[in-house]
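K.L.:
Below, each chain spelled out in residue letters.
Number of protein chains: 2
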Amino acid sequence: MRGYRQKLKKNGFKLTPGREAIIAFFSGKNHYATPETVWKEVRKSLPRLGLPTVYRNLEQMRKINILTQVDGAENRFYFGLCRAKNPGEHHHHISCQKCRRVSEVENCYLQSLTKEIKEKTGFQITGHKLQLTGVCKDCR
Amino acid sequence: MRGYRQKLKKNGFKLTPGREAIIAFFSGKNHYATPETVWKEVRKSLPRLGLPTVYRNLEQMRKINILTQVDGAENRFYFGLCRAKNPGEHHHHISCQKCRRVSEVENCYLQSLTKEIKEKTGFQITGHKLQLTGVCKDCR
DNA sequence: AATCTAAATAGAAACCATTTCTATTTGTAA
DNA sequence: TTACAAATAGAAATGGTTTCTATTTAGATT
Numbered sequence: 003m004r005g006y007r008q009k010l011k012k013n014g015f016k017l018t019p020g021r022e023a024i025i026a027f028f029s030g031k032n033h034y035a036t037p038e039t040v041w042k043e044v045r046k047s048l049p050r051l052g053l054p055t056v057y058r059n060l061e062q063m064r065k066i067n068i069l070t071q072v073d074g075a076e077n078r079f080y081f082g083l084c085r086a087k088n089p090g091e092h093h094h095h096i097s098c099q100k101c102r103r104v105s106e107v108e109n110c111y112l113q114s115l116t117k118e119i120k121e122k123t124g125f126q127i128t129g130h131k132l133q134l135t136g137v138c139k140d141c142r
Numbered sequence: 003m004r005g006y007r008q009k010l011k012k013n014g015f016k017l018t019p020g021r022e023a024i025i026a027f028f029s030g031k032n033h034y035a036t037p038e039t040v041w042k043e044v045r046k047s048l049p050r051l052g053l054p055t056v057y058r059n060l061e062q063m064r065k066i067n068i069l070t071q072v073d074g075a076e077n078r079f080y081f082g083l084c085r086a087k088n089p090g091e092h093h094h095h096i097s098c099q100k101c102r103r104v105s106e107v108e109n110c111y112l113q114s115l116t117k118e119i120k121e122k123t124g125f126q127i128t129g130h131k132l133q134l135t136g137v138c139k140d141c142r
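Chains as they are written, first to last, in this note's numbering: chain A, 3 to 142; chain B, 3 to 142.
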C-alpha cells in the first residue's frame, strides 16, 4: 500500500480518498474487475464517489503501472492490480477463468520468436499483447 | 471467393448480397476495419444495407472462421479476412500498424511455454490470445 | 416458372459503457 | 493559513452496439 502512495506522488498525483479506496479494493481481492464493479464496492465507504471519477483513476493508475488492463470477452474494460517486481518492464499477466485472480508472468518468452515470425511473414514485429487464461492453483 | 460461398452454405447461411459485398470488401483490401468502415464502403453498391446487418454478418462470419477479430487500441470491433490454410486450427494474426494489413501466423509458438508458465505461476493454462503488431514488408 | 418457408433484412429505437462538461471541492506546497 | 492547481460530483452527452418488428428474400420444393 505504501508503495502505491509513493508511486502516485512521484507521478504528480494527489492522494485522494477515491484512489486509496480503489487500490484497497484491488489489494483485498487480487481479482480483475470492471469499473462499475469497483465503483459499486468502493461506494460503500465513499458514497459520493462518482463513476466518472473511478474511470479516470483507473486509467491514470494504469498509465503508471499500478494497475493492468485485462482483455475480457466482452467489449469493455477490466482492471487488475499489477504486482510485478518491476512493473515498468515488459511483462504479461494471466487471469484465472474461475476466480478472476490476476498473476504476473514476468518473463516474456516471445522476444525469441521475433526473428522466426519475421522470416515467415515478412513483418517486422514492433509489439505484442498476450492475454493468458488459465485456472489458478487454488481453483484446480 | 468461391471458397467463402461454400463455407457459408456448409454452415447453413444464405448467400445474400450483403455477405458477398462484405467479403468482397475484405478481399480487395486485406486490411482490418471497423463495422462502420465496412458499412460505409459496402453501402456504395448496396445503399439499403443497414449497419445492424453488417454487425450481424461480421459476427456470423467470424464464428465460422471466414473473418478474424483484431484487437485495436480503442474499445471497439475490428475485423479482417482470415487466409489461413486451415482456419479452424489454432493460429494467430499479425497486423501492420501502418497499412492495417492482416497476415496469418500459422504456427503457434506458445504451446511449449505452457509447462514453464505453470511451474512459475501455478496456473494451468487453458487458452491464450496473442495480438501481434508490426510493420509489413511493403511499409518498411 | 410458381410457391413456400425459414432465414435475413431495413429502419427505427433502445441500450449502456464510457466520456465530457462545469461548477465546486480538496490535497498540498508555500 | 492561504493559495491554487488538481480532483471531484453530478448531470448530460456520446457513440458503438444491440434489439425489435414488420417486411423481404434466398433457396428448396413442386
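Any given hint might turn out to be false.
Pairs count within a copy or across copies, as identical chains cannot be separated in the list.
[Said to hold, decoys possible] With a cut-off of at most 30 Å between alpha-carbon atoms, the simulated DSS-like pairs for lysine-lysine come out as follows:
#: 1; residue 1: K117; residue 2: K42
#: 2; residue 1: K65; residue 2: K46
#: 3; residue 1: K12; residue 2: K42
#: 4; residue 1: K122; residue 2: K11
#: 5; residue 1: K139; residue 2: K12
#: 6; residue 1: K100; residue 2: K65
#: 7; residue 1: K120; residue 2: K11
#: 8; residue 1: K117; residue 2: K9
#: 9; residue 1: K122; residue 2: K139
#: 10; residue 1: K87; residue 2: K16
#: 11; residue 1: K117; residue 2: K11
#: 12; residue 1: K42; residue 2: K122
#: 13; residue 1: K100; residue 2: K42
#: 14; residue 1: K31; residue 2: K87
#: 15; residue 1: K117; residue 2: K87
#: 16; residue 1: K117; residue 2: K131
#: 17; residue 1: K117; residue 2: K16
#: 18; residue 1: K65; residue 2: K122
Keep in mind the hints are simulated off the structure, nothing from the lab.
Note that the structure is a prediction, hence the values are computed from the model and not measured.
K.L.:
Indicate, hint by hint, whether the structure satisfies it.
P.N.:
Verification of the hints:
For a Cα distance limit of 30 Å, the shortest separation of K117 from K42 qualifies neither inside one copy, at 46 Å, nor across copies, at 38 Å. In this homomeric assembly, K65 and K46 come within 30 Å of each other (Cα to Cα) only inside a single copy, at 26 Å, whereas the closest approach across copies is 41 Å. Proximity of K12 to K42 under the C-alpha cut-off of 30 Å is restricted to the intra-copy arrangement: shortest distance 29 Å within a copy versus 46 Å between copies. Proximity of K122 and K11 under a CA criterion of 30 Å is satisfied in neither setting, with 46 Å inside one chain copy and 32 Å between copies.
Proximity of K139 and K12 under a CA criterion of 30 Å is satisfied in neither setting, with 35 Å inside one chain copy and 41 Å between copies. With identical chains, the CA atoms of K100 and K65 are at most 30 Å apart both within one copy (27 Å) and between copies (24 Å). Within a single copy, K120 and K11 get their C-alpha atoms no closer than 42 Å, and across copies no closer than 36 Å, so neither meets the 30 Å cut-off. Taking the shortest alpha-carbon separations for K117 and K9, neither the intra-copy value of 36 Å nor the inter-copy value of 34 Å comes in at or below 30 Å.
Within a single copy, K122 and K139 get their C-alpha atoms only as close as 37 Å, which misses the 30 Å cut-off; across copies the closest is 11 Å, which meets it. Taking the shortest Cα distances, K87 and K16 sit within 30 Å of each other inside one copy (23 Å), while across copies they are farther apart (54 Å). In this assembly of identical chains, the alpha carbons of K117 and K11 never lie at most 30 Å apart, being 40 Å within a copy and 40 Å across copies at closest. In this assembly of identical chains, K42 and K122 lie within 30 Å of each other by CA distance neither inside one copy nor across copies; the values are 48 Å within and 34 Å between.
In this assembly of identical chains, the alpha carbons of K100 and K42 lie at most 30 Å apart only when taken from the same copy (21 Å versus 40 Å across copies). Taking the shortest Cα distances, K31 and K87 sit within 30 Å of each other inside one copy (19 Å), while across copies they are farther apart (43 Å). Within a single copy, K117 and K87 get their C-alpha atoms as close as 28 Å, and across copies as close as 22 Å, so both meet the 30 Å cut-off. Taking CA atoms no more than 30 Å apart as the test, K117 paired with K131 passes in both settings, with 17 Å inside one copy and 20 Å between copies.
In this assembly of identical chains, the alpha carbons of K117 and K16 never lie at most 30 Å apart, being 44 Å within a copy and 43 Å across copies at closest. Proximity of K65 to K122 under the C-alpha cut-off of 30 Å is restricted to the inter-copy arrangement: shortest distance 26 Å between copies versus 34 Å within a copy.
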